[in-house]
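My numbering applies: residue 8 is where the sequence shown begins, and numbers increase by one.
A couple of the hints might just be wrong.
Here are the computed distance ranges between Cβ atoms for each label pair [stated by the list, open to error]:
1) S136 / G253: 45 to 53 Å
2) G135 / P225: 44 to 52 Å
3) P132 / P225: 40 to 48 Å
4) P263 / A228: 20 to 28 Å
5) S66 / M106: 43 to 51 Å
6) S66 / S209: 36 to 44 Å
7) K93 / V238: 41 to 49 Å
8) G198 / T282: 14 to 22 Å
9) R279 / P77: 35 to 43 Å
10) P277 / G135: 37 to 45 Å
Think of the hints as simulated: they come from the structure by calculation, not from any bench. Built from N, CA and C at the ideal position, the CB exists for glycine as well.
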Amino acid sequence: MQLTRSAARWATAFTAVASLAAGATALAPAALAAPAAGPSPVAASSARSTDVVFSNSTSQQLTRVSSSLPHGCWNNDSLPPDYIAKGITASWGSRSCGMLTGTEGYTTYRVTATGEQIKIHWNNPYTGSNSYNCDVPSGYTCSRSGGGGDNATVSFTLTGGPAAFKARAASTEVTAQAARSTVVRVINNSGTLLARTGAGLSHGIWTGNNLPPSLINPGAAATWESESEGVMTGTEGYANYTMAGGGTVSIRWDNPFSGSNKYQCNVPAPHRCTTSGGGGDNAFVTFAVN
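Please work from the sequences and hints to get the whole structure.
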């Protein structure tokens with residue numbers, strides 16, 4: 008675990024689940040709610056924060072490859088979404104989480120049909136000017152507006168179309184190297200699509216790029232991980248998913264530095280959720296939603 012690892016918070020709103028009912032179309036959300044103007048209340052209370060608003064004004068769906076924060080923490084329920092459909096605007100944010108510090112991060116998306124990649128970078132330091140980059144392959148244009156101030160809101164708009172471009176490989180290896188860590192595996196045997204409506208950490212940080220996905224298809228499994236950060240600390244978090252047709256799946260995990268690990272999984276009737284594993288300092292817990 009790198010000593011400079013920062014905490015993570017993220018999420019994306021679930022809408023129009025019914026339109027995702029069949030085949031490959033279930034892999035992409037049909038719509039995302041338009042972001043509210045200005046920084047979130049939590050971000051605005053930080054010394055430095057950046058809310059990123061990204062508009063996909065192309066005819067291509069985008070799939071998230073990786074996300075990272077060299078400095079700062081993700082805002083709760085404000086993580087980069089796994090998918091951004093064509094014509095959709097998405098948003099996410101990060102903030103400083105220490106004395107005299109700023110926030111810096113990046114998110115990389117792949118054009119689902121072609122493998123071309125778009126990398127978005129933001130840097131809001133405690134001292135010095137804010138800086139931003141949006142690197143795109145040939146055939147695309149990424150314009151930027153805003154982004155000034157200590158609590159900044161920056162907007163990117165992607166336009167254009169695909170061209171020949173070789174995708175860069177991205178590592179999503181799950182690791183457990185901290186004093187306390189929890190790998191969460193969710194098996195969706197409910198027969199319905201699960202769409203994430205919120206995720207966050209009360210203690211610790213997200214491990215690398217291992218974040219709760221936006222969608223868990225019927226019959227599929229998803230894995231994510233959080234870990235402790237700092238001396239004599241643990242990790243605790245949650246992820247909430249809405250079921251197609253109604254109802255919420257709420258998952259909680261708590262791996263403290265002292266004391267026993269605790270887990271919760273609440274599902275609407277007549278569904279059931281079973282829990283297995285989850286012991287030890289570097290725990291692996293499995294939830295099965297049936």
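Going through the hints against the structure:
Distance hint for S136 and G253: a CB-CB separation of about 48 Å, consistent with the stated range 45 to 53 Å. For G135 and P225, the hinted distance range of 44 to 52 Å is satisfied, since their beta carbons lie about 49 Å from each other. For the pair P132 and P225, the beta carbons lie near 45 Å from each other, so the given range of 40 to 48 Å is met. Separated by about 26 Å at the C-beta atoms, P263 and A228 satisfy the suggested range of 20 to 28 Å.
Between S66 and M106, the C-beta spacing of about 46 Å keeps the proposed range 43 to 51 Å intact. Distance hint for S66 and S209: a CB-CB separation of about 40 Å, consistent with the stated range 36 to 44 Å. Our hint of 41 to 49 Å for K93 and V238 holds, since their Cβ atoms are close to 47 Å apart. For G198 paired with T282, a C-beta distance near 20 Å keeps the hint of 14 to 22 Å intact.
Distance hint for R279 and P77: a CB-CB separation of about 42 Å, consistent with the stated range 35 to 43 Å. Our hint of 37 to 45 Å for P277 and G135 is violated, since their Cβ atoms are close to 57 Å apart.
Hint compliance for this structure: hint 10 alone is broken.
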